[in-house]
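Listed below are the residues making up each chain.
2 protein chains.
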Amino acid sequence: MIENFIDTFGKLAASLGLNRVVGQIYALLYLLDNPLSLDDIAKNLKISKGNVSVNIRELESWGAVKKIWVPGSRKDYYEANQDTLNVIYGRLKVRLEKAFSELNTGLNNWGQNSNKESDKTKQKLKKIKEIKNFMEIVLKSLPPEISGAQLIKKISTLNKIRFLFK
Amino acid sequence: MIENFIDTFGKLAASLGLNRVVGQIYALLYLLDNPLSLDDIAKNLKISKGNVSVNIRELESWGAVKKIWVPGSRKDYYEANQDTLNVIYGRLKVRLEKAFSELNTGLNNWGQNSNKESDKTKQKLKKIKEIKNFMEIVLKSLPPEISGAQLIKKISTLNKIRFLFK
DNA sequence: TAGAATGTTTAGAATATCTTAAACGCTCAT
DNA sequence: ATGAGCGTTTAAGATATTCTAAACATTCTA
Numbered sequence: 712m713i714e715n716f717i718d719t720f721g722k723l724a725a726s727l728g729l730n731r732v733v734g735q736i737y738a739l740l741y742l743l744d745n746p747l748s749l750d751d752i753a754k755n756l757k758i759s760k761g762n763v764s765v766n767i768r769e770l771e772s773w774g775a776v777k778k779i780w781v782p783g784s785r786k787d788y789y790e791a792n793q794d795t796l797n798v799i800y801g802r803l804k805v806r807l808e809k810a811f812s813e814l815n816t817g818l819n820n821w822g823q824n825s826n827k828e829s830d831k832t833k834q835k836l837k838k839i840k841e842i843k844n845f846m847e848i849v850l851k852s853l854p855p856e857i858s859g860a861q862l863i864k865k866i867s868t869l870n871k872i873r874f875l876f877k
Numbered sequence: 712m713i714e715n716f717i718d719t720f721g722k723l724a725a726s727l728g729l730n731r732v733v734g735q736i737y738a739l740l741y742l743l744d745n746p747l748s749l750d751d752i753a754k755n756l757k758i759s760k761g762n763v764s765v766n767i768r769e770l771e772s773w774g775a776v777k778k779i780w781v782p783g784s785r786k787d788y789y790e791a792n793q794d795t796l797n798v799i800y801g802r803l804k805v806r807l808e809k810a811f812s813e814l815n816t817g818l819n820n821w822g823q824n825s826n827k828e829s830d831k832t833k834q835k836l837k838k839i840k841e842i843k844n845f846m847e848i849v850l851k852s853l854p855p856e857i858s859g860a861q862l863i864k865k866i867s868t869l870n871k872i873r874f875l876f877k
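From first to last, the protein sequence lines stand for chains A and B. Position one of the first sequence corresponds to residue 712 (the working numbering), numbered consecutively onward. Position one of the second sequence corresponds to residue 712 (the working numbering), numbered consecutively onward.
Among the hints, a few may not be true.
As the list makes no split between identical chains, a pair holds if one copy fits it or if it spans any two.
[Stated by the list, open to error] Capping the alpha-carbon separation at 20 Å, the derived lysine to any residue pairs in SDA-like fashion look like this: (1) Lys757 x Asp787; (2) Lys838 x Leu742; (3) Lys833 x Glu714; (4) Lys809 x Asn730; (5) Lys809 x Gly728; (6) Lys804 x Gly728; (7) Lys831 x Asp744.
FYI, nobody ran anything at the bench for these hints, they're computed from the structure.
All chains should be modelled from the sequences, with the hints used to inform the complete structure.
Take a look at the structure:
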């Protein structure tokens, strides 16, 4: 039952280029209302403590789960961010920013060595610059965060005013 | 030089959960104005014919490259879709749709077995249904395609009318 | 029809990623 | 100070992915 859901989320994560366990941990915490410790999670998913340690930090890094302090316990407890769309958005944003900065570095290196190139090469450089500008615009327009409820509202507003876009 | 750009695009693809070669082939075709054959690509990237065959079909499947018929030649030639943002969007869409259908199947199986469950379980089922509805809405609102130019226009319009969203 | 020119599939080698158990280091309670 | 209770790191084994060369299938040409 619950296993089924966790499995589904694991596959989903895998299909998005993440470790399967990342999806499984999120699903588990999402369904449970009480925060779980690292050992609880390891026991539940039948995986090692070290594996949970690594993958829960990944989840934490883009705000999918939050560390909770439970009075009287020395363990770290975690609970899921219940706004799943926000979680997905946060993840997408991290990836886009990383991809962009890599591309940017690559292209800057490229530009430096190609002053004395042929016309054909210059044409290619122009194309590359186009992509760079493009990514800059897209990246700048990403809001810092967005809640699921907000996004749905935005979408429905957009549909209503579609005529504005021709 | 060109190798640098191709390498950058390869890494970019890898960081998005694709095969590195997929990004490299796209970068190569993007920069060159004339279409290339399977053998040309293999020779350029120094990889096997079979590898190109598999990965170029992947690119073709979401409209990143197009097969071109060159009169007088029996080979298949390929050229890149120059609208890179559209390419990325197409890819994203395919992934989202796949992820949703997986989740949907998983959740339907889940629902069937949980009529006679406790209140606590029912509460969890409710949470799961929430996610499902959510993905449905997001998926429905994806337009079939969008050009880079269009998107940039949309974004700037959105910025101008931001007040509508509160 | 033979064989040359293509793209595809396949089996296994090469690489990369994931996972675990154990070692480790830190902090707290005694 | 000592040891128990944590989370993290590590090294090695397990698993999955990627890549290639060769076999294969199909289509064209002579």
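Between Lys831 and Asp744, at a C-alpha cutoff of 20 Å, which is it: within one copy, between copies, both, or neither?
Classified as between; 10 Å across copies, 61 Å inside a copy.
Pop the pair Lys809 and Asn730 into one bin, within, between, both or neither, using alpha-carbon distances up to 20 Å.
both (18 Å within a copy, 17 Å between copies)
Is it within, between, both, or neither for Lys809 and Gly728, if the alpha carbons may be no more than 20 Å apart?
Answer is both: 14 Å inside a copy and 13 Å across each meet the 20 Å cutoff.
Pop the pair Lys757 and Asp787 into one bin, within, between, both or neither, using alpha-carbon distances up to 20 Å.
within (19 Å within a copy, 50 Å between copies)
One pair to classify: Lys804 and Gly728, alpha carbons no more than 20 Å apart. Within, between, both, or neither?
both (14 Å within a copy, 15 Å between copies)
20 Å Cα cut-off: does Lys838 pair with Leu742 within a copy, between copies, both or neither?
between (48 Å within a copy, 7 Å between copies)
At most 20 Å between C-alpha atoms: does Lys833 with Glu714 qualify within a copy, between copies, both, or neither?
This pair counts as between: shortest inter-copy Cα distance 15 Å, intra-copy 56 Å.
The structure shown violates none of the earlier numbered hints.
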